[in-house]
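Visitor: Listed here are the chains, written in short residue letters.
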Amino acid sequence: MHSQFRITNKAHMARGWAKLSNVDTVQYLDDQGKPLREIPLSNEELLKGYRALRRARYFDERAVLLQRQGRLGVYPPFRGQEAAQVGVALCLKADHDWLLPSYRESAAALTFGMPIHKLILSWRADPAGWGAPPDVNMVQFYIPIATQIPQAAGVAHAQRLLGKDAVAAVFIGDGGTSEGDFHEGLNFASVFEAPLLVVVQNNGWAISVPTHKQMKVKRIAQRAQGYGIPGVVVDGNDLVAVWSVAKEAVERARRGEGPTLIEALTYRIAPHTTSDDPSRYRSEEATREWEKRDPILRMRNCLVHLGLWGEEAEAQLTEALEREFEAELALADQAREPKPWEIVEQVYAEMQRDQKAAWSYLRGEA
Amino acid sequence: MIAERQTRVLNNVQAINEALDLALERDPRVVVFGEDVGTMGGVFRASDGLQQKYGEQRVFDTPLAESGIVGFGIGLAMAGLRPVAEIQFAGFLYPALDQILSHLGRMRHRTRGRFSIPMVIRAPYGGGVKTPEQHADSPEAILAHVPGVKVVIPSSPERAKGLLLAAIEDPDPVFFLEAIKLYRGVKAEVPEGYYTLPLGRARVVREGDAASLFCYGGMVEVCQKAAEVAAREGVELEIVDLETLVPLDTETIFASVQKTGRAVVVYEAMRTGGFGAEVAARIAEEALDYLQAPIVRVAGWDAPYPPFSAVENYYRPDAKRVLEAVRKVLTH
Chain H
1 MHSQFRITNK AHMARGWAKL SNVDTVQYLD DQGKPLREIP LSNEELLKGY RALRRARYFD
61 ERAVLLQRQG RLGVYPPFRG QEAAQVGVAL CLKADHDWLL PSYRESAAAL TFGMPIHKLI
121 LSWRADPAGW GAPPDVNMVQ FYIPIATQIP QAAGVAHAQR LLGKDAVAAV FIGDGGTSEG
181 DFHEGLNFAS VFEAPLLVVV QNNGWAISVP THKQMKVKRI AQRAQGYGIP GVVVDGNDLV
241 AVWSVAKEAV ERARRGEGPT LIEALTYRIA PHTTSDDPSR YRSEEATREW EKRDPILRMR
301 NCLVHLGLWG EEAEAQLTEA LEREFEAELA LADQAREPKP WEIVEQVYAE MQRDQKAAWS
361 YLRGEA
Chain D
1 MIAERQTRVL NNVQAINEAL DLALERDPRV VVFGEDVGTM GGVFRASDGL QQKYGEQRVF
61 DTPLAESGIV GFGIGLAMAG LRPVAEIQFA GFLYPALDQI LSHLGRMRHR TRGRFSIPMV
121 IRAPYGGGVK TPEQHADSPE AILAHVPGVK VVIPSSPERA KGLLLAAIED PDPVFFLEAI
181 KLYRGVKAEV PEGYYTLPLG RARVVREGDA ASLFCYGGMV EVCQKAAEVA AREGVELEIV
241 DLETLVPLDT ETIFASVQKT GRAVVVYEAM RTGGFGAEVA ARIAEEALDY LQAPIVRVAG
301 WDAPYPPFSA VENYYRPDAK RVLEAVRKVL TH
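Heads up: the protein sequence lines correspond to chains H and D, in order. Take the first sequence: its letters are residues 1 to 366, numbered as in full-length UniProt numbering. Take the second sequence: its letters are residues 1 to 332, numbered as in full-length UniProt numbering.
Treat the hints with care, as some may be off.
[To be verified] Below, computed lysine to aspartate or glutamate pairings styled on EDC-like, alpha-carbon distance capped at 16 Å:
hint	chain 1	residue 1	chain 2	residue 2
1	H	356	D	251
2	H	356	D	249
3	H	213	H	179
4	D	53	D	25
[Said to hold, decoys possible] Partner residues aside, some chain H positions facing chain D, computed with beta carbon under 8 Å:
hint	residue
5	144
6	150
7	161
8	180
9	187
These are calculated hints, taken from the structure and not from any lab test. Every residue, glycine too, gets a C-beta built ideally from N, C-alpha and C.
Use the sequences and the hints to build the structure in full.
Guide: What follows is the structure in structure tokens.
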């Protein structure tokens, strides 16, 4: 397959001087979802991808509703960014590879293998939702900005030291690229040739600050040049494009060829969180424009165009998603309330004197 | 038994080097890294010869970026390794504070034990050797204020070796601060081979009944000098080397206060909010009834550490200032 990164000289790369990689946007579907060129995915993969997108969208819609009903805490929606997250997560194996998401990445987490009830509990700030299952190598959503990048470089480098071919994928937004840790993490990943995908979802907004006030570079992926690694810009609302770009980056990483910076161009259709009021800082004209490029609509149109999808399949999928979510929600609702003394548990492997004293007090024993 | 082992005379840097060597040899998950740690063996030579012995995968140089070093180490630890990072000077830890405060000590808690960070961060700290600006800071109170981390500060080569090996074995993150003044200033018999000393225990390094001096790291030596002077006047001071600040061995502290009835807390960091304030507060909260005089602190002044060698000794507590404090608690 023709490399989407246009890496022509690997020896050159190894010396740390990548040519400016592809700053043209990788795209496979037009805005209506019609294939622009030959699609590098099997029909089975396309169907799997569409189902994963719909599953993510369904989760997001239900999560926002739950929040409105007071059954979820503050929640950061990802509406419109499903393809940018799902396309990457589909390339990873949960019990082998690693995912380090920021708070916006519930879709990536879901697709990677985090059970829905765990995600619900997580956004209820219930400790029962904080730890991924043992066979899901996902670190709990990062709340500080960009701290996950150096950590992901470490996780990725460790895979090589341990002799595994596993990779790590880490997510960040356009605003997060202004943080020092973004730079330090990318530099570490590059120097150690860590098997890492750094995925920047450029969704146009860092809460209220638009991307053009955040940076003077045209494309965040251009910054890859400063680290001597490939950078690629992808249409973040085109699942086929994101998936195939991420696939190639994962293969490179597994082969020991180091990290890739992926900039997924997308748009934050929803508010920053359920507590945010975007009318204070933006008009919704651009939102309406981006809604026309909805990743799910485009993918569905693509499937319909290829004769792979119809009304009946859609109805069946919706029903299945509903059933799954209801069962998972019931599981989450069954979770017992956290106990006050759990505050001082899991601070150390073994409780120390001060935690023991607090624990006894909180249990009413002292 | 450690007591029955063969010993050799080592200084603190040599003892630390030996501990790192033994940890690398014993546990294949241990990796040692930081700025100038690999080829050069560290600016103080703590990792001297280790890259040559264990290779570039186990002992390596990193880019010059402290947040990157700590963050990278957190990642290595989550993935199952036992990272031992060196921050070149404790005063250079500050760029890494986000990683330290937001993640290092919090990962076990925020993932309910799914991930933990068995990482050691070593850093030379403190003054007394005429270093340039920013090279003599004592940020132990900042670190002790981070939930989920342990803070260890050894005062002798034998202790440094055993405590460092225990820190590397520990399942939680440990800050291991090494007094620069003691790196080559102290030589002592050190048992050979692998041994650990328990974290979380203070120890009485000199027994006395007149007053208790609570100290750690580079201040232990200063307190010993003060105690020798006092002894010539017939005043026997007890010295308690706290050794581990978190978790703090309050039992040993209270037992000493009960015995002497007088407490002087000595630390070289800035006085306000320093770790000695915590020690004083614990005594006041739980051992006040034993006290026959107010607790007195001897600490750095509320000013940045002066990089001017001529006045450095006026900032860092010395035996004279410790004895002034002793006089105060004895004459109350």
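Visitor: Indicate, hint by hint, whether the structure satisfies it.
Guide: Status of each hint after checking the structure:
Straight-line distance between C-alpha atoms of residue 356 of chain H and residue 251 of chain D comes to about 15 Å, which keeps the hinted pair within the 16 Å bound. Between residue 356 of chain H and residue 249 of chain D the CA atoms are separated by roughly 14 Å; this keeps the pair inside 16 Å, and the hint holds. With a C-alpha separation of about 14 Å, the suggested pair residue 213 of chain H and residue 179 of chain H falls inside the 16 Å cut-off, and the hint holds. Distance hint between residue 53 of chain D and residue 25 of chain D is fulfilled; the C-alpha atoms sit about 10 Å from each other, no more than 16 Å.
Because the smallest distance between the Cβ of residue 144 of chain H and any Cβ of chain D comes to about 5 Å, under 8 Å, the interface hint for this residue holds. Satisfaction of the interface hint for residue 150 of chain H is found here, the shortest Cβ-Cβ separation to chain D being roughly 3 Å, below the 8 Å cut-off. Satisfaction of the interface hint for residue 161 of chain H is found here, the shortest Cβ-Cβ separation to chain D being roughly 6 Å, below the 8 Å cut-off. The interface hint given for residue 180 of chain H is met, as the beta carbon of that residue sits about 6 Å from the closest beta carbon of chain D, less than 8 Å.
The closest approach between the C-beta of residue 187 of chain H and any C-beta of chain D is roughly 5 Å, which is under the 8 Å cut-off, so the hint is satisfied.
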